[in-house]
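K.L.:
Protein chains in written order, with full-length UniProt numbering: chain A, 1 to 238; chain B, 1 to 287.
Incorrect hints may appear among the rest.
[Claimed, not checked] Distance windows between CB atoms, simulated: (1) A/Thr132 - B/Arg278: 20 to 30 Å; (2) B/Arg278 - A/Gly31: 49 to 59 Å; (3) B/Arg86 - A/Gly16: 14 to 24 Å; (4) B/Ile192 - A/Ala110: 28 to 38 Å.
Think of the hints as simulated: they come from the structure by calculation, not from any bench.
This structure is a prediction, so every number in the text was calculated from the model and none was measured.
By construction, the Cβ of each residue, glycine as well, lies at the ideal position given by its N, Cα and C atoms.
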Amino acid sequence: MPEPLLELRGLFATLGNTCILHGVDLTLASGCLAVVGRNGVGKSTLCRSIMGLVPDVTGRLRLAGQELLGRPPHEMEGQGVAIVPQGRRTFPSLTVHEHLRLAQKSKAKAWTIERVYQTFPRLAERRRNRGTQLSGGEQQMLAIGRALLRNPRLLILDEPSEGLSPLVVEQLSALMQQLYRSEGMTLLLVEQNFRVAVSVAERVAVMISGRIVHEDEASSFASDHEAHERFLGLGEAA
Amino acid sequence: MLKLAVLSLLNGISVAALYFIVASGFTVTFGLMRTINLAYGSLFLIGGYVGYQVGDLTRNWYLAMIAGSAIAGLSGAVLQWGVLDRLRGQDMRQALVTIGLSIVAADVLLAVFGGLTYQFTPPDWMQATVSLGVFGGYPAFRLLLIALSLFIGVFIWAGLTCTRVGLAIRAGVDDREMLSAIGVNPSRLFVIVATCGSALAGLAGVIGGTALSISPGEDSRYLLASLVVTIVGGMGSIAGAAVGALLVGLLEQVGLLYFPNYSIVAVYLVMVGVLALRPQGLVRGTA
Ligand SMILES: Nc1ncnc2c1ncn2[C@@H]1O[C@H](COP(=O)(O)OP(=O)(O)O)[C@@H](O)[C@H]1O
Ligand SMILES: [Mg+2]
Numbered sequence: 001m002p003e004p005l006l007e008l009r010g011l012f013a014t015l016g017n018t019c020i021l022h023g024v025d026l027t028l029a030s031g032c033l034a035v036v037g038r039n040g041v042g043k044s045t046l047c048r049s050i051m052g053l054v055p056d057v058t059g060r061l062r063l064a065g066q067e068l069l070g071r072p073p074h075e076m077e078g079q080g081v082a083i084v085p086q087g088r089r090t091f092p093s094l095t096v097h098e099h100l101r102l103a104q105k106s107k108a109k110a111w112t113i114e115r116v117y118q119t120f121p122r123l124a125e126r127r128r129n130r131g132t133q134l135s136g137g138e139q140q141m142l143a144i145g146r147a148l149l150r151n152p153r154l155l156i157l158d159e160p161s162e163g164l165s166p167l168v169v170e171q172l173s174a175l176m177q178q179l180y181r182s183e184g185m186t187l188l189l190v191e192q193n194f195r196v197a198v199s200v201a202e203r204v205a206v207m208i209s210g211r212i213v214h215e216d217e218a219s220s221f222a223s224d225h226e227a228h229e230r231f232l233g234l235g236e237a238a
Numbered sequence: 001m002l003k004l005a006v007l008s009l010l011n012g013i014s015v016a017a018l019y020f021i022v023a024s025g026f027t028v029t030f031g032l033m034r035t036i037n038l039a040y041g042s043l044f045l046i047g048g049y050v051g052y053q054v055g056d057l058t059r060n061w062y063l064a065m066i067a068g069s070a071i072a073g074l075s076g077a078v079l080q081w082g083v084l085d086r087l088r089g090q091d092m093r094q095a096l097v098t099i100g101l102s103i104v105a106a107d108v109l110l111a112v113f114g115g116l117t118y119q120f121t122p123p124d125w126m127q128a129t130v131s132l133g134v135f136g137g138y139p140a141f142r143l144l145l146i147a148l149s150l151f152i153g154v155f156i157w158a159g160l161t162c163t164r165v166g167l168a169i170r171a172g173v174d175d176r177e178m179l180s181a182i183g184v185n186p187s188r189l190f191v192i193v194a195t196c197g198s199a200l201a202g203l204a205g206v207i208g209g210t211a212l213s214i215s216p217g218e219d220s221r222y223l224l225a226s227l228v229v230t231i232v233g234g235m236g237s238i239a240g241a242a243v244g245a246l247l248v249g250l251l252e253q254v255g256l257l258y259f260p261n262y263s264i265v266a267v268y269l270v271m272v273g274v275l276a277l278r279p280q281g282l283v284r285g286t287a
């Protein structure tokens, strides 16, 4: 049996003096897994820990069978992990085009600057604008383009639909599905927007206070009202 | 009188060129990378002294220049990797540690090279005097110095704005974590930048020792000049460093002619004025 792409066992993460992740167990073989949960339960910390952005972590983190816990971000990137962080974090002093030039790995890979511009024509129009002169949606496209240009095996998206218009969210959902269905990328998607999570992902995991407490197929989770109530505090309306 | 004015103008520009070479390395490491290296003047002095020794032994000025830049670049790399990178973001500690190191370096250099004033002998063709018509002659070396500073300025500017290394530096200054997340090792990048910046200080040591001279105390003089040029011109801006260096160099040299007692004061008055009216410096932005 092939090794799963991402395997977390008993992952603990500490920020300052506060323990945020309390033993996360998670397996992501391929496709797309959405992690949902209320604000502040540690979803972003999970994303950042996998990318190597949290120095104080213990437990096991395997990527395609290789133990990589505690590696710095540039080494995780070298192993094929990329992140679209919460809040976009584009570079204020670089223009759109400069972001893409810096991030482009090779012109022979699946994702190139040209392809990012084809996918997000809006970015092509704004190519000379700096990161800070873009709208929220444009910054999100840029952050996604920047991550895609690394041509990762594992793409972590932390609340990519935050602050986007419904139309852009629609396009983004289609793109994410295409990435894991026809391009063989594996996606870890953190979503506040429950609808997006269950419509894009194959599986959904629920996080509460730094642990994964429930995991299910997206289709059955979508109609499991009892689970919504129990884990997310959502009423029947959701 | 006019002749004198023109000559002191040229002196001002050539001193400015020297300040620019020193400060261009400083504006990139301090202004862009926000690393506080108050031992930067020592790198200038180390480059000058070691360059002098090598030049003295080999009778080759070019080798002196290469050796001076190389030893300063190497020292800067060790300093960045061994000390400054570990104290990242801790301004006060970086300042204190590098002040301490610069005091130690000054004493060690004094012990090794003595309190003498050294002056390099450049190749013959650089010692020529270029005729400027009615204004008389002017040393070719100083004109070369001006040309070299222009070349270095254009080189750094193009490197920062056009190359991927330049993009990475600017991105790393904005958000080190995200630069790392797209595959660049920021510590290694900053060591490379510190090496280049320090090599410029060493190069300036040799050039300064040829155009003027070098002796104990020059370290703090050039550190101060770099600080003033960087702050007046605008942190991290190469164009700003050029403007700042011209302002400081001209004030100093033209001031020597017209108000000799106050020319140094004038430099600091300009800095105070700029800080009061335009605290971000005269030129904004990275390039
Ligand atoms: N630098 C920090 N030091 C201490 N606690 C932090 C720090 N940053 C975030 N936290 C806390 O960690 C918890 C988890 O944050 P986060 O991972 O961002 O949650 P989520 O993404 O699920 O909203 C929150 O309760 C937050 O207050
Ligand atoms: Mg979050």
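K.L.:
Find the hints from earlier in the document that the structure breaks and name them by number, from lowest to highest.
P.N.:
Hints that this structure does not satisfy do not exist here, as all of them hold.
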